[in-house]
Each structure stands twice: as structure tokens, then as C-alpha cells.
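Chemist: One line per chain: the protein sequences are B and D, in this order.
Counted the way the numbering used here counts, the first sequence spans residues 10 to 122.
Counted the way the numbering used here counts, the second sequence spans residues 10 to 122.
Treat the hints loosely; a few may be bogus.
Calculated cross-link-like contacts (lysine-lysine; reagent style DSBU-like; alpha-carbon spacing at most 30 Å) [stated by the list, open to error]: (1) LYS94(D) x LYS18(D); (2) LYS118(B) x LYS94(D); (3) LYS30(B) x LYS18(D); (4) LYS98(B) x LYS30(B); (5) LYS85(B) x LYS30(B); (6) LYS18(D) x LYS98(B).
Just so you have them, the derived chain D footprint on chain B, three or more residues with Cβ under 8 Å [claimed, not checked]: (7) 38-52; (8) 102-116.
Hints in this document: simulated from the structure, not taken from any laboratory.
C-beta: ideal position from N, C-alpha, C; glycine also.
Residue-level listing of the chains:
2 protein chains.
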Amino acid sequence: MIYSSELIKGTLKTIILKLLKDNKRMYGYEITQTVKELTAGKIQLTEGALYPSLHALEADGLLTTETEYIGKRVRKYYSLSQQGKIESKQKVNEFSDFLNTMVYLLDIKTNFA
Amino acid sequence: MIYSSELIKGTLKTIILKLLKDNKRMYGYEITQTVKELTAGKIQLTEGALYPSLHALEADGLLTTETEYIGKRVRKYYSLSQQGKIESKQKVNEFSDFLNTMVYLLDIKTNFA
DNA sequence: CAAATATACATAAGTTTATTATGTATTTGT
DNA sequence: ACAAATACATAATAAACTTATGTATATTTG
């Protein structure tokens, strides 16, 4: 089952910031693959959504980039800036709070570990 | 704390369908107030989002309406259709699954009862 | 070894969904 | 009386994503 796209809306930046916090340094394509693996294919980030989002986070000063060449192919690594680390924490905390609220509101039976 | 709007995006229809499942019959303004109360003000539905969403759900055949007059003021009650009941369950289940995935992906420490 | 698939980036056009603003009108509280 | 709350609705704008397209290199497979 792949989640309906509307469900994932608004969580993309949170996911990016969290992954970069855990992995120090990642490139775009790697992010899509990691998310796919970690969610058993349930969340599949599209490039059309991911790259503009990465650019926006960089423009906001939350990410820094390093470009490297693997053979002749370019690869652009993203890392959290100092501000990005703060924002990463805040975004995850906010989502966590939101999650609690939604569990209550929708009366969801949880089975989190 | 009020959640950043992007976080709530995509959850509006799920919230509406769930509330109508629990309450049989509600009108728009009542929905905004109920959500506000149940979430301690953290989710405040705007009318500009709610009414078009209700109209869309009705157009999709998920909701039925009855108009009543309270004094001279009109009040439009919404109820789930048969299809709406099915969709309500599915939406909540999907969202529940999504939350589980996000808890794992974001490594969130939960404190549900 | 040719073709298909995967890797890796990017952006533009279109759609969806919400925000903000505006409009109308009645009812209640002070 | 006046302000705030109740109750609906819609239009203009903005945000965020999907879909489509484009370019190019590297690897796998029949």
C-alpha cells in the first residue's frame, strides 16, 4: 500500500531534515531510496517534489551543499547547517505533538513499540 | 501552540469523516468548534477550507445534507452516506498506518497509554 | 554487446488544497 | 446599542505537490 499523496503533504521537509540529522550528509537520490527502504515502499518521494524542496531548504539557510563527481556523474551532498539542526529538532517535535493530537482526535488504537 | 498549516494539510477530510461517524449529524460551524475543543485549540479549521471541503465531499457522494432553520438563521447538517461510512473507516485506517510509519521513520518516542 | 534499467540532477506546466479576504445576515451577551 | 459569536458562502491568491519532460552517465541482463 502506498499512501495517498495528500497524506504525505507537509511532512516532506520534516523527513528530509530528520534524515540529514541522522546521516550527516546525503544526496537527493539517496534520500528517496532511504525513505523507500525505511518505509517498505509506502512512502516514495518523487524527484519533482524532492529537489525543489531541497533547494528551498538551502535557500532558507537550513542546508549546505557540496558537489562531488562520481566518475563523470555529478552528485550533490546536503548537510544541516547550525540553523538546520535546530529546525530539524523543532520540526520533529512539532510532528510528534501533532501525531499525539491526531491519535486522540481520531481515536486511533496505537501499537507503537 | 498552533500547528504550522502545512502539517494539517491533507488531513481535513479525514477529520471531517471521522467526526461525522462519531456524531451522526453535524453542521459546519459545529465541526470547527468541536475540533478546536478536542485539540485544545491546536487545530483551528478555517471556514475557507472547511466549507469547500464539505461541498466536495457531498459532491463525491460521501455526505448527505439537511437544511434546518434555527429562528431565521439557516443551518446545514451533514451526515455520512453509506459510501461515506466506508470511506471514513478507510481514511482513518490509512492515516493510522501512516502515523505508525512516521513514528518509525522519525524515530519518535511515544507516550500513549 | 545492445537494450533496459538504475543512477542523478533539474525545471516547467498543471492541479489540488489551503489561506486570506470579503460578503451577508442573525443571535447573544454586556 | 454595540461587540462578539453564530452560520453560511465564495473569490483571489499562495503554497506544495504531481506529472511530464529533459539531460546524461553507469550498470545489469538477456
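Chemist: Hints first: check each against the structure and report whether it holds.
Modeler: Each hint tested on the structure:
no., hint, result
1, LYS94(D) x LYS18(D), "22 Å, holds"
2, LYS118(B) x LYS94(D), "18 Å, holds"
3, LYS30(B) x LYS18(D), "24 Å, holds"
4, LYS98(B) x LYS30(B), "9 Å, holds"
5, LYS85(B) x LYS30(B), "17 Å, holds"
6, LYS18(D) x LYS98(B), "21 Å, holds"
7, 38-52, "holds (count 5)"
8, 102-116, "holds (count 14)"
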